[in-house]
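Protein chains in written order, with the numbering used here: chain A, 391 to 730; chain B, 391 to 730.
Incorrect hints may have been included.
Put simply, identical chains are the same to the list, so a pair is met inside one copy or across any two.
Claimed, not checked - Derived PhoX-like pairs (lysine-lysine); straight-line CA-CA distance at most 25 Å:
(1) Lys590 <-> Lys687
(2) Lys661 <-> Lys589
(3) Lys661 <-> Lys590
(4) Lys589 <-> Lys687
(5) Lys507 <-> Lys590
(6) Lys589 <-> Lys507
(7) Lys661 <-> Lys687
The set of hints was computed from the structure by calculation and includes no laboratory data.
2 protein chains.
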Amino acid sequence: MSEAEGTAVDDTPDGSAEVEAVVEGIQGRDRRALAKAITLIESRRGDRAEVGQEVLERVMPLTGGSIRLGVSGIPGVGKSTLIDALGKLLLDRGQRVAVLAVDPSSTVSGGSILGDKSRMPHLAADERAFIRPSPTAANLGGVARRTREAILLAEAAGYDVVLVETVGVGQSEVEVAQMVDFFALLLLPGSGDELQGLKKGIVELADVIVIHKADGDLADQARRTANDYRAALRYLGASGTAREVEVLTASAHEGEGIEELWSLVQERWEKDRTSGALDERRRAQQRQWFRRLVEEKVMDEFLSRAGVASRFESLESEVAAGRKTAGGAADELVAATRSN
Amino acid sequence: MSEAEGTAVDDTPDGSAEVEAVVEGIQGRDRRALAKAITLIESRRGDRAEVGQEVLERVMPLTGGSIRLGVSGIPGVGKSTLIDALGKLLLDRGQRVAVLAVDPSSTVSGGSILGDKSRMPHLAADERAFIRPSPTAANLGGVARRTREAILLAEAAGYDVVLVETVGVGQSEVEVAQMVDFFALLLLPGSGDELQGLKKGIVELADVIVIHKADGDLADQARRTANDYRAALRYLGASGTAREVEVLTASAHEGEGIEELWSLVQERWEKDRTSGALDERRRAQQRQWFRRLVEEKVMDEFLSRAGVASRFESLESEVAAGRKTAGGAADELVAATRSN
Numbered sequence: 391m392s393e394a395e396g397t398a399v400d401d402t403p404d405g406s407a408e409v410e411a412v413v414e415g416i417q418g419r420d421r422r423a424l425a426k427a428i429t430l431i432e433s434r435r436g437d438r439a440e441v442g443q444e445v446l447e448r449v450m451p452l453t454g455g456s457i458r459l460g461v462s463g464i465p466g467v468g469k470s471t472l473i474d475a476l477g478k479l480l481l482d483r484g485q486r487v488a489v490l491a492v493d494p495s496s497t498v499s500g501g502s503i504l505g506d507k508s509r510m511p512h513l514a515a516d517e518r519a520f521i522r523p524s525p526t527a528a529n530l531g532g533v534a535r536r537t538r539e540a541i542l543l544a545e546a547a548g549y550d551v552v553l554v555e556t557v558g559v560g561q562s563e564v565e566v567a568q569m570v571d572f573f574a575l576l577l578l579p580g581s582g583d584e585l586q587g588l589k590k591g592i593v594e595l596a597d598v599i600v601i602h603k604a605d606g607d608l609a610d611q612a613r614r615t616a617n618d619y620r621a622a623l624r625y626l627g628a629s630g631t632a633r634e635v636e637v638l639t640a641s642a643h644e645g646e647g648i649e650e651l652w653s654l655v656q657e658r659w660e661k662d663r664t665s666g667a668l669d670e671r672r673r674a675q676q677r678q679w680f681r682r683l684v685e686e687k688v689m690d691e692f693l694s695r696a697g698v699a700s701r702f703e704s705l706e707s708e709v710a711a712g713r714k715t716a717g718g719a720a721d722e723l724v725a726a727t728r729s730n
Numbered sequence: 391m392s393e394a395e396g397t398a399v400d401d402t403p404d405g406s407a408e409v410e411a412v413v414e415g416i417q418g419r420d421r422r423a424l425a426k427a428i429t430l431i432e433s434r435r436g437d438r439a440e441v442g443q444e445v446l447e448r449v450m451p452l453t454g455g456s457i458r459l460g461v462s463g464i465p466g467v468g469k470s471t472l473i474d475a476l477g478k479l480l481l482d483r484g485q486r487v488a489v490l491a492v493d494p495s496s497t498v499s500g501g502s503i504l505g506d507k508s509r510m511p512h513l514a515a516d517e518r519a520f521i522r523p524s525p526t527a528a529n530l531g532g533v534a535r536r537t538r539e540a541i542l543l544a545e546a547a548g549y550d551v552v553l554v555e556t557v558g559v560g561q562s563e564v565e566v567a568q569m570v571d572f573f574a575l576l577l578l579p580g581s582g583d584e585l586q587g588l589k590k591g592i593v594e595l596a597d598v599i600v601i602h603k604a605d606g607d608l609a610d611q612a613r614r615t616a617n618d619y620r621a622a623l624r625y626l627g628a629s630g631t632a633r634e635v636e637v638l639t640a641s642a643h644e645g646e647g648i649e650e651l652w653s654l655v656q657e658r659w660e661k662d663r664t665s666g667a668l669d670e671r672r673r674a675q676q677r678q679w680f681r682r683l684v685e686e687k688v689m690d691e692f693l694s695r696a697g698v699a700s701r702f703e704s705l706e707s708e709v710a711a712g713r714k715t716a717g718g719a720a721d722e723l724v725a726a727t728r729s730n
C-alpha cells in the first residue's frame, strides 16, 4: 500500500516512537495507520517485522469485535462483485468493512486479482472501507499467518466486518475456514462438480453456499442448483453438529439475495455469540493455530541441525520404496539426532 | 492371540534365535508365527517390541503384495457379516484372507467387537483365514502404527487380501483410509445423515459406498438410497481426480452384491497397479506416515524438555484468550527453548 510508505516515523532509531505512532493511528481508526501496520507485519526485513509484531501485541485488547466472513469460489463466480455489493449494503447501514485476500498463487505470479480495488468500485470509493490484496509471502503458511494478523489489526482499527476473499480450488480454503467465523462458498448455477471444478472437501467447509449469478436466463437454473445442493448436503454426514449448512441464491448484478445472505450471517453470529459458541470456536482456532506454528518451528529447527535434513530425505526414500518401515525409520532418525 | 503365546523360543537370551524362528514361520506362511509377530510389535515391553521390529525389518522384502481394503460403517450396518461373506468368496477362489481391526475405543473398553471371530463364522472356521482384533494401544496413533505394521506382516505371511475393519464414526476412518488401497463405506438404506450418524468428511474418504442390508423390505429403499448418494456425490467436488466413487447395493445375508463389490475392487486394483497409480499412492502414504511419525517424535521430545510443556500450556491459554497472538507466542516459546 503506497499510502503507508515513506512516512517520517520510519526514521526513529529504536522503533518505539514508530510503534507508538502506528498504535495511535490504529486506535484513531486511521486507514493509513492500518495499512502501514499490515505492511510492517508483512515485511521480510526482520527489524521491520518486529516493529509490526510490537504494534500487534499493543493493539490486541482492541481485537475480536468483528464478524469474520470467508468468501470463496472459483475464478469467474463473481466473488469481487458480490463482496462489493455486500460491502455497499454494510456501508449504507453505517458499518465499516475491511476486505483481505488470501491467494497463494500471488507468490508465484507476483500479483493477485483478489482484493483488486478496480473490481470493487463501491468499496474502493468509500473511505470507511479498507481493501488489502493478498500478501506475497514465500508460502501458504506465511500468507495465512499474515492474513490472521491483518484480521486482528483491522479489528483493532474498528472495522465491524472483515471479509476474507480466497480462490476456491485448493488448500487456501482450509486455511481461510480456520481463521473466520463463517465460510461462504459461491457456486455457479449448474450441475455438480464438473462445472465447478471444486476440490474434494471444499463443499464440506462451507457454512453457507451461495448459488451466484442467479439472474436472467440462469435464475431458474440457479434455483434448481440450490435445491440439488440442499438435497446433496443431506448425504454428507455431520449429524449432531449444530451448524446447518444454508443454501441461497444471489445475484450481485441485480442486488438479489445479498440482504438475505447478510441477515443469515448476522443472525448466526449473534446467536453464536450469545450461546458462547463463537468464543469457543475462536479459542479452538487460536489453539490449533498456535500448536501448528510451534510444530512448524520445532520441525524447522530439527531439520536444520547438521546432517538431519539429508538423513531425513534418504530415510524417506527408503520408506517410500518399502525397504524400511516408517516406524523403524522415524525411530532411527530421532535416535541418531539424540546421540549427536 | 493365545495360540501365539508361551512358545519355547521366547526364552532365548538375545532374541536372535527367536527372530529367526518367527521370520521362518512367516516365510512358511504359519498362522501362529504371524500371530506371534503381531503380538511382539504390539508389546508394551520395549525389548519384546524391539524383537517385533527386527522381525518386521527382516520380512520387508516380502511385503506389498496384497489388496488392502478398508471396510467402515456405523455399528449395526453389518460390517462383520459382509466381511465374512466377502472372505468366504475369496477363500472359495483359493485366496488367503486376513482381517485386522482398528478400534480406538477398545483402548477404553478393553475390548472390541471388531475383528470378533464369533461374528465371522466362515472365516473363523477356515485355516487359510487370519482374524486379529484391534490392538489396545494407548491412543489412535499407536493403534494406527500397529495396524500398518500388522498389514505388512500379513502380506509377508502370504495373505492375498487384507481387510481392515473400522467403526465409521470418527478419526479412525481417516487413519484407515491412509493405510489401505481402497476404502469401502457401508451405509444403511435410508435417507441421509440423520439415519447414518456419520461424521462430516467420512463420505469423502470412500472409494466405494455400499448400501448394505439391501434385502427383504429394504431392497427397494436401498436402491433409492444408492441413487440418492450417486446424485449427491456429483455435488461434492473432486473433479479432475481419476478416482470415481462407485455406489453399490449389497446384502451379505442373501449373498447379493458381494461378487460385484469384489469385482470392482479387484478391477480397480489391477488397473491402478498397471498404471503405476497404486505404487504412487502407497509411496505417498508411506512418506506422509513417516513425516507424521517424525513430527510426533520431535514434538514429544521438545515438550519433554524442562519447563517447555508448562510454558506451552500457559502460552496456549493466553493465545486462546486473545491476550497474545499465536505467532508471537510461538516465536516466544521456541526462542526461550533455544537459549536454554
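(request) Measure nothing new, just compare the shortest in-copy and cross-copy C-alpha distances for Lys589 and Lys687 to 25 Å and report within, between, both or neither. (result) The answer is neither: 29 Å in one copy and 32 Å across copies each exceed 25 Å.
(message) Checking an output row: Lys589 and Lys507, CA cutoff 25 Å. Within, between, both or neither?
(response) neither (28 Å within a copy, 40 Å between copies)
(request) Could you figure out if Lys507 and Lys590 sit no more than 25 Å apart (CA to CA) within one copy, between two copies, both or neither? (result) neither (31 Å within a copy, 36 Å between copies)
(request) First find the shortest C-alpha distance between Lys661 and Lys687 inside one copy, then the shortest across copies, and answer within, between, both or neither for a cut-off of 25 Å. (result) neither (37 Å within a copy, 41 Å between copies)
(message) Treating 25 Å as the Cα threshold, decide for Lys661 and Lys589: within, between, both or neither.
(response) between (31 Å within a copy, 24 Å between copies)
(message) For Lys590 and Lys687, with the copy left unspecified, which applies at a CA distance of at most 25 Å: within, between, both, or neither?
(response) neither (29 Å within a copy, 30 Å between copies)
(message) Within a copy, between copies, both or neither: which one fits Lys661 and Lys590 at a CA-CA cutoff of 25 Å?
(response) between (30 Å within a copy, 22 Å between copies)
In summary, the numbered hints that this structure violates are 1, 4, 5, 6, 7.
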